[in-house]
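Colleague: Sequence:
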Amino acid sequence: MNVEVRVYDRELTPLGVIDEITSLIWTPTYWNEGTTGDVKLLAPMTENNKKLLIKGNIVILHDGEADYTDSMGTWRRAAQIKYRHITKDVNGAEQVEVQGHFLKKWLSKRIVLKKIVMSGTEQEKINRIVRENAGEEAAERRRFQQFVILRQEDLGGRSTDYANEDNVDAGKEVYNRALAGKLGYDILVNEESQLFGFLLYKGKDLTSGNTEGNTPSTFSRDFDNVNGQEYKESDENKKNVMYVTGAADENGNIPLVEVDQGGEGLERNEVYVDMSNISRTYTENEVEVTIAPEEYLKMLKAAGETGLEDYGETVAFEAKINVTSNLVYGRDFSLGDRVTCIEKSWGICIDVRITAVSLTYQNGIKEIEATLGESLPTLLQQIRKVR
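Counted the way our numbering counts, the sequence shown spans residues 323 to 709.
Be careful, since some hints might not be right.
[As the list claims (entries may be wrong)] Below, computed lysine-lysine pairings styled on DSS-like, alpha-carbon distance capped at 25 Å:
| no. | residue 1 | residue 2 |
| --- | --- | --- |
| 1 | Lys404 | Lys494 |
| 2 | Lys620 | Lys362 |
| 3 | Lys362 | Lys410 |
| 4 | Lys362 | Lys494 |
| 5 | Lys526 | Lys554 |
| 6 | Lys437 | Lys494 |
| 7 | Lys504 | Lys642 |
| 8 | Lys431 | Lys504 |
[What the hints assert, rightly or not] Cβ pair distances, simulated, as ranges:
| no. | residue 1 | residue 2 | range |
| --- | --- | --- | --- |
| 9 | Asp544 | Asp341 | 40 to 50 Å |
| 10 | Lys410 | Asn591 | 50 to 60 Å |
| 11 | Ser441 | Glu631 | 11 to 21 Å |
To be clear, the hints were calculated from the coordinates, so they are not data collected in a lab.
Built from N, CA and C at the ideal position, the CB exists for glycine as well.
Put together the whole structure using the sequences plus the hints.
Modeller: Below, the structure written as structure tokens:
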């Protein structure tokens, strides 16, 4: 198994390399928040592994090209160990299992402390959230150490009015904004400079009909580049009208906004969301500012339009990639790219985004499994959506 896992402490001081690995599952995602279980590593309990695989340490996978390169050098995804389980069998052989989350989860260490009221693209909103709560514009005690925001291109998107809910989890808010803008993000590591870098990006259009001049990436069993496929679709969660209420005004009147994306009779699917956490006031330069009623209604409508995107038809296409095929991960396609998937016998030809890639290393064999499209919602996700 030609793969190397390097281990660092929280200040990015190098500690060593895992010398034996039984299995490793490395699953980066495009816009998900990050969760313990993003990385799962099982290894024999050698003296070296015993010292390295402890909670809080940071692990970095070296297998092929870096995830990002700029004038400062190469940057790679990294995960922090949050869980450890040690076992001993009847023969006395010891194994250690660790799990961790990618560093994007660190954004949830902060709340959006100062209310943000602005008009802008999702890219501009995300950068402001990160700058003001973890980056250079945060109070000194709130800043992430050794942290920079990596250079970005203009990622496009339309400008909308925006105001965050009071004291919202910064990680969840970045996720919501990334989902609305179809953007990917993570916190990468530059091992030479010992820096953490916030990466915000947009995947390439590699679909068969793309107009950007990119070489298409098409996945199909007819092309022998997938070993197995699974397709799911559901419109159970589909809504096209959202009623939004906000915070009461000084007279106790509660505003109601209707966001209507079409549909009458049985084709009309309504949902209600209470967004009273979007307050009518915010503080700027230590002065409390009251948002004008018409501007507040615009903000509620913009929040409703964004929220309604969570209630579309969901499609998930999972494919086990043939690692010896004509398409190579990291060279021909990457996390976040939009590709074409074809299964003629099912009558399916769809253009979808790669939202997760699971790399598995076991018994000297490497496997790649890609999730294309959006995963079908779980009950927990449904509960969280209706606040």
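Colleague: Does each hint hold? Answer for all of them.
Modeller: Cross-check of the supplied hints:
1. Taking the CA atoms of Lys404 and Lys494, the gap is near 19 Å; set against the 25 Å cutoff, the hint holds.
2. The suggested pairing of Lys620 with Lys362 is violated, with an alpha-carbon distance near 44 Å, which exceeds 25 Å.
3. At roughly 19 Å between alpha-carbon atoms, Lys362 and Lys410 fall within 25 Å of each other, so this suggested pair holds.
4. Of the supplied pair hints, the one linking Lys362 and Lys494 holds, its CA atoms being roughly 23 Å apart against a limit of 25 Å.
5. Between Lys526 and Lys554 the CA atoms are separated by roughly 24 Å; this keeps the pair inside 25 Å, and the hint holds.
6. Proposed proximity of Lys437 and Lys494 is supported: the alpha carbons are some 15 Å apart, at most 25 Å.
7. Under the criterion of a C-alpha separation no larger than 25 Å, the hint pairing Lys504 with Lys642 is consistent with the structure, at around 24 Å.
8. With a C-alpha separation of about 23 Å, the suggested pairing of Lys431 with Lys504 holds against the 25 Å cut-off.
9. Separation of Asp544 from Asp341 is about 42 Å and conforms to the stated range, judged on CB atoms against 40 to 50 Å.
10. Judged by the Cβ atoms, the range 50 to 60 Å given for Lys410 and Asn591 holds: they are separated by roughly 55 Å.
11. Separated by about 18 Å at the C-beta atoms, Ser441 and Glu631 satisfy the suggested range of 11 to 21 Å.
Hint 2 from the list above is the single one not met by this structure.
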